[in-house]
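Please construct the entire structure, taking both the sequences and the accompanying hints into account.
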Amino acid sequence: MGAAPRKAAEPNQKLVDARLLQEFRAICGDSGLITSQEELKTYECDGLTNFRVLPQAVLLPGSTEQVQAIVRVCHRERIPFVARGSGTGLSGGALPVKDGVVISLARMNRILEVDLLNAQVVVEPGVFNLEVTERVASHGFFYAPDPSSQSVCSIGGNVAENSGGAHCLKYGFTTTHVLGLEVVLPDGSLAHMGGRTLDTPGYDLTGVFVGSEGTLGIATKITLRIVKRPECVQTLLAAFGSTSEAGVSVSDIIAAGMLPAAIEMMDNLAIEAAEAAVHANYPDCGGLLLVELDGPTAEVEALMQQVDEICRRCGAGEIRVAQTEAERAVVWKGRKSAFAAVGRISPNYIVQDGVIPRTALPRIMTEIERLSTQAGIRVANVFHAGDGNLHPLVLYDRRIEGQEHAAEALANRILELCIEAGGSITGEHGVGEEKKMMMSKMYAEPDLETMHRVRCAFDPEQISNPTKVFPRTRLCGEKPGEYRPHPLETAGIAERF
Amino acid sequence: MAPSRSASAAVTGIPAPWDDLRAIAGAEHLRVAGLGDDVAGVQPQMILEPGSETELAAALRCADGTGLSVLPRGGGTKTGWGNPPVRADLVLSTARLNRVIEHAWADLTVSVEAGCTIQKLQNVLAENGQHIAVDPLWPELATVGGVLSTNDSGTLRIRYGALRDLLIGVTIALPDGTLASSGGKVVKNVAGYDLPKLVIGALGTLGVITRANFRLHPLPRNVRSFTFAARGLDDANRMMLAIQDSRLAHTGLQARFAGRVAPAVDVRFEGTDAGLAAQEKALRKLAAPAIVTATSDAVWQARQELWSSADSAAIGKFSVLQASVAKTCDRINHLADSQGVRWSAVVQGTGLGWLRAEASTASAIHQVLQSLRPEIEQLGGSFLVLHRPAVMPAIDAWGNSGDAFPLMLSVKRQFDPRGALNPGRFIGGI
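Residue numbers (the working numbering), protein chains in the order written: chain A, 507 to 1003; chain B, 1094 to 1523.
By construction, these hints were calculated from the structure, which means they are not laboratory data.
Source: prediction; values computed, not measured.
Hints should not be assumed to be uniformly reliable.
[As the list claims (entries may be wrong)] Below are the EDC-like pairs computed for lysine to aspartate or glutamate, each with C-alpha atoms no more than 20 angstroms apart in a straight line:
hint: 1; chain 1: A; residue 1: 734; chain 2: A; residue 2: 637
hint: 2; chain 1: A; residue 1: 734; chain 2: B; residue 2: 1373
hint: 3; chain 1: B; residue 1: 1213; chain 2: B; residue 2: 1233
hint: 4; chain 1: A; residue 1: 676; chain 2: A; residue 2: 758
hint: 5; chain 1: A; residue 1: 734; chain 2: A; residue 2: 831
hint: 6; chain 1: A; residue 1: 734; chain 2: B; residue 2: 1258
hint: 7; chain 1: A; residue 1: 604; chain 2: A; residue 2: 544
hint: 8; chain 1: A; residue 1: 604; chain 2: A; residue 2: 831
hint: 9; chain 1: B; residue 1: 1374; chain 2: A; residue 2: 550
hint: 10; chain 1: A; residue 1: 839; chain 2: A; residue 2: 781
hint: 11; chain 1: B; residue 1: 1374; chain 2: A; residue 2: 737
hint: 12; chain 1: B; residue 1: 1410; chain 2: B; residue 2: 1423
hint: 13; chain 1: B; residue 1: 1378; chain 2: B; residue 2: 1338
hint: 14; chain 1: B; residue 1: 1378; chain 2: A; residue 2: 737
hint: 15; chain 1: B; residue 1: 1213; chain 2: B; residue 2: 1195
hint: 16; chain 1: A; residue 1: 604; chain 2: A; residue 2: 583
hint: 17; chain 1: B; residue 1: 1374; chain 2: A; residue 2: 583
hint: 18; chain 1: A; residue 1: 547; chain 2: A; residue 2: 621
hint: 19; chain 1: A; residue 1: 839; chain 2: A; residue 2: 778
hint: 20; chain 1: B; residue 1: 1374; chain 2: B; residue 2: 1390
hint: 21; chain 1: B; residue 1: 1378; chain 2: B; residue 2: 1328
hint: 22; chain 1: A; residue 1: 734; chain 2: A; residue 2: 640
hint: 23; chain 1: B; residue 1: 1420; chain 2: B; residue 2: 1404
hint: 24; chain 1: A; residue 1: 734; chain 2: B; residue 2: 1338
hint: 25; chain 1: B; residue 1: 1420; chain 2: A; residue 2: 621
hint: 26; chain 1: A; residue 1: 676; chain 2: B; residue 2: 1258
hint: 27; chain 1: B; residue 1: 1420; chain 2: B; residue 2: 1468
Now the structure itself:
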């Protein structure tokens, strides 16, 4: 390990040479090092499949000590590294860096401790999101953040992206549920942030690490809060003539002083796709609203009656309430499969993720419709309506000349609309590689410069996922990612928003 | 309060920029610090009250450039928290930055200036049936910026989360004059680093908060509070765990301890009449054989009451696992008894507790606090000293931050390289 650090690589000199590979092999063992071109291809992209970069090597450490040893070598040699969980991210956050290595946390997949008395679970980063709930469900607990990829996405990846899900309207995001972290910093040292108890003294480093998209180090141990399952859950499905009508009822529900566990909306095109894919038996309508209430039974029943009345008053045609787990599962299946389902009605499409203040919804919908007509590009809309998180699906056919370009332009324009409305360029998918150029449209230079100070405090050499989140230049536009279903989705193993 | 002493920035040899500060904020808004302006017992030189965030940023830059130390202040209710500053030149008050900028009630968000008091803000929000789901100490005086900087949320936290879960955007002024915003006005937003979380509880050592955006909640339709007596420390802890483990949707859960007196457990519910009736019934069943009685909402003031007539008392905040509350209180009891110290505490179901210790000799209180911290840290918790009698020997307010401290120092140096903001008041001498 005593090799002298190199200053800079010559143009054709590889940063990761045979000597270093040998060093990595000594750390992770033969089975923990991937270098063959064939195998490296598995890691060339994440869920945003149109960005692809082959890394120099992929390392599969099995312990915190191994992660530290790898990162120390990277730090000494100034080799950029990208941490990777399950690779289901949708913004290219786990896209490799050409001269760097990928550190996969897939082998660190143990649930280390379950403390029901204090409602906490300690996990390694490679544990799948849903595994946490599965482990504690028989005791009446669940892990609240529920991205649709939850059966395969990792907790480490959720921490990096601050993942949300349909139920974060009431329960909050990943950051709400992470109590403490063990982190390998970009110089290989170890830091413990937060802990098992609340308000640990000092700066809330846990708060800034969650959602930093792998740019501040690698979480190797995560303490999660788990939540007691509510006594009663009911899901209402209401069919409206348009998304605007559905939108009015959302406003009325909020104005009536209710905080549902989830409020979701789909437009006609999205309904059509979901029906084609999973036969959710949704009513054929212009705007479908899905409202989920949970809590003590008497409370839920009283409020659900009011939701029902509000929806009828706002013009809902058909209203159904799913009461059993099985009925709820069918309702949610259609919603959660909407992204992949769009593949049934369009050969290519872009999944966009933007946020607007909820009240701007009718105006932005009208504008998206206008832009869609103008460009001759169809847009299917799926929303987390309660918190204004839009997922427009921009449909195109790359075989038709000019359509791909027009679709990308439209997808970008939608994000600009979100910014103009006082919203955000991403509600849950992250900035990653895809939207880094948009950051300078959302934030002013002093804002970005201030965020960059945090980066410098954690990673002065900028070797931890170095090319993500921050824009390199402010001059050019960027290429939004086309959506291609992940092989796991196609196989029906995973779903995602 | 400790006898005030004066500490100034004379080390730089640069003349103090009072004229420049007058030019920035107007001569009438710069005054000599007087009685009651001390910060943790240290007397500052001057008080500046800028009228806008750009004035505040310019003043901060001017002060930092000339080597002045700057002590941000909101309502001044918690200036005794933290360690005494090692230098105290200029108090930067947000008193004039007190506007509610925008209450987007239909979006359940608000944008507010840092110097607005919590009570004023809640009054404005209540006009549209909403509130920020926090109940911090002294809301009529405490400001948004001060409450954020000291991370003081309250009893609603158990249901609605802490300030970190409610703050969705923040603007801060840095010592070099940069005004930086992060987060935004929407509840869901993962673009860029979460700086709002970084400044919560940072005691103004990274920047001065000038404005904040919060997510809001509807005001509850009905609120009912209940109380029952526990048979002892263990029983109180057991009952709190049982309520936490139940399917009740309580919005408040605390236990009040006072030496060897039987602890009281308080529970609060919010919601529809039907929901409340069902929850009350479930609580009575859960707590039996203890008799549950309806009580006034004033019971939730218990934490604030720890501060009444506290001149000869010390007050600290501890954080332990919710299952370790009885063990913690048992240790407090033991240590207090051995020193002849009277104690009382209010502990929330989350494991956060506030302890008041008083005795005729301050050294006895000091002894209890000194011994208590390592014991709580051994249980995996932490113990902050918030208030101490004037004559008590010095004690570090913060305790141990573990192996993350070098990183905290590194963050501080990036934001405030010259150490202008609240020097020495934060953890580890930051």
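Here is how each hint holds up against the structure:
no.	hint	result
1	A/734 to A/637	holds (16 angstroms)
2	A/734 to B/1373	holds (19 angstroms)
3	B/1213 to B/1233	holds (7 angstroms)
4	A/676 to A/758	holds (17 angstroms)
5	A/734 to A/831	holds (17 angstroms)
6	A/734 to B/1258	holds (19 angstroms)
7	A/604 to A/544	holds (16 angstroms)
8	A/604 to A/831	violated (47 angstroms)
9	B/1374 to A/550	violated (58 angstroms)
10	A/839 to A/781	holds (10 angstroms)
11	B/1374 to A/737	holds (15 angstroms)
12	B/1410 to B/1423	holds (16 angstroms)
13	B/1378 to B/1338	holds (14 angstroms)
14	B/1378 to A/737	holds (16 angstroms)
15	B/1213 to B/1195	holds (14 angstroms)
16	A/604 to A/583	holds (15 angstroms)
17	B/1374 to A/583	violated (66 angstroms)
18	A/547 to A/621	violated (39 angstroms)
19	A/839 to A/778	holds (14 angstroms)
20	B/1374 to B/1390	holds (19 angstroms)
21	B/1378 to B/1328	holds (16 angstroms)
22	A/734 to A/640	holds (13 angstroms)
23	B/1420 to B/1404	violated (28 angstroms)
24	A/734 to B/1338	holds (7 angstroms)
25	B/1420 to A/621	holds (17 angstroms)
26	A/676 to B/1258	holds (11 angstroms)
27	B/1420 to B/1468	holds (10 angstroms)
The earlier numbered hints that this structure contradicts are 8, 9, 17, 18, 23.
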